[in-house]
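*Asks:* Listed below, chain by chain, are the residues.
Protein chains: 2
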Amino acid sequence: MDKETLVKHIDEVQNIIYKFCPEEKGDQKRVMEAMNYSYKAGGKRLRPMLMLESFRLLGGKDESICYPFMAALEMIHTYSLIHDDLPAMDNDDLRRGKPTNHKMFDEATAILAGDGLLNLAFETAADAMYKCDNDEDRLNMIKANRILSTKAGIYGMIGGQMADIIGESNKDITLDEIMFIHEHKTACLIESALCIGAALAGASDEIIEKMKEIASLVGIAFQIQDDILDVTSTTEELGKLVGSDEKNEKITYITLVGLDKAIKDQKDMSNKAIELLDEIKNGDSFLKELIISLTDRRN
Amino acid sequence: MDKETLVKHIDEVQNIIYKFCPEEKGDQKRVMEAMNYSYKAGGKRLRPMLMLESFRLLGGKDESICYPFMAALEMIHTYSLIHDDLPAMDNDDLRRGKPTNHKMFDEATAILAGDGLLNLAFETAADAMYKCDNDEDRLNMIKANRILSTKAGIYGMIGGQMADIIGESNKDITLDEIMFIHEHKTACLIESALCIGAALAGASDEIIEKMKEIASLVGIAFQIQDDILDVTSTTEELGKLVGSDEKNEKITYITLVGLDKAIKDQKDMSNKAIELLDEIKNGDSFLKELIISLTDRRN
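As they're listed, the protein sequences go chains A and B.
If you use our numbering, the first sequence closes out at 393, no skipped numbers anywhere.
If you use our numbering, the second sequence closes out at 393, no skipped numbers anywhere.
Hints listed in this document are in silico derivations from the structure and should not be mistaken for laboratory results.
Glycine included, every Cβ here is placed at the ideal spot set by N, Cα and C.
Every clue listed holds true.
Chain A stretches covered by chain B per the calculated footprint, using a threshold of three residues with CB under 8 Å from any CB of chain B:
| no. | segment |
| --- | --- |
| 1 | 107–121 |
| 2 | 124–133 |
| 3 | 205–214 |
| 4 | 220–227 |
| 5 | 232–239 |
| 6 | 270–282 |
Using the sequences and the accompanying hints, generate a full structural model.
*Replies:* So, in structure tokens, the structure goes:
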């Protein structure tokens, strides 16, 4: 995909999701500033973009039904980064070249900003459901809201985060456990994106389930590609230090199956995702381009 | 209120809300253990109890519609305690005589357990809305879900928490700022309880608004009573050290208006709450008893 097309789509998504940011005012202004600081810190806005493109691919009509859920999903993604960066978690000082939330503000504010974004995600969805005056849309939103909450929680992303923390100190980690972490920590929010887009477009449960399979393959292939690039790329190409997994003695998919099989598995998963997408809707689409660029990336 | 009646009601509420606890299993088992540890650590279960009694007072029919929302509200209360106790916040080692979550587990797990409970609250509500097959109930739940999310977030409890942290280091804090903190940090979840009970019972927006006023008065009166007891009670009577506000040079409602006026204002608020409740439904009720015991307590 050319860079210009991607930037255009990022701008489109940002314009939509920024409308749901809190106004910074009141005695609690500081937490709103901290939330907006991280929410507006950039990034590719992949999850809301995937949601919108899933909706479009499946013939959804009025796109505005997606907007609150696009904003909500990005809030959940952002809160997870703020809490992940905390001293008690990854203890990172920088994210995307800027001070992390607790470095820019302080730890207490960063914890509250994360809580605030997670809560605001469901507040945004709750408000949309409450204001909806169309029975069919309301039912689709209720389905979307359920996907949003399940994929983000202990049976989804938070579960993956917990397993990842435990796995870091486990020298006997198995392939199943690594797959659990990739599936939950990374793939679940991708699944949330594609499935919510489908649900809001009024797709059948069968199609939603197929979107889930695609997203799961994409999420896991994306993570394995991370491991592969850490071994095969150069620091210049990747834009960050390579060889970090080996240096940290981190057990990855590659450690357990070998590089050649990892490359083959990753390619198989990416191909399978596209194959499933073609079954739903054959032909070119921005969603297909986006999925290819995610699983086929060199940086 | 006699102790036996209260214990009976606590048992009733606990039996209901424990059914929504996660089963402790999977690669992410640890976060579920941490969530259940704090969720089951005891307490008076005031918020879900108030919700159920509000529903009953207003003639709600099938009580089971309240159950997921009762559990969800207690999850939100519990997560707020876990995050409040963290080293970066109040840094408490004990809560209700037991190690706090981060002491029992570790800080990373406690952060995730808090996130997990907040998410599970909305997951529980989302699941209930999704499974509801009655149009009227579904609309009432959508209203309840909106109240739940708004009162817990940055325009509610989290906002109060932020203002409280800022206020602690402000020697020029005003009465308005103290009232903002009491209203948001404490009263908002009481408002959530009474208003959700009313919404689920199918009450009119006018009655829900009146319940909000009652809850606001009760929440603020409860907090001022805390300050009063810290000055007027004995350590034996209160079961914890008195005089802590003076020792910590904490500016309270009493510091700003004087003890006599604080006692009078607190009494006026409590009376006003009961007066409003009588306007909604005159006569004896467990809800009235409960409100009186909350605002008139000696410990």
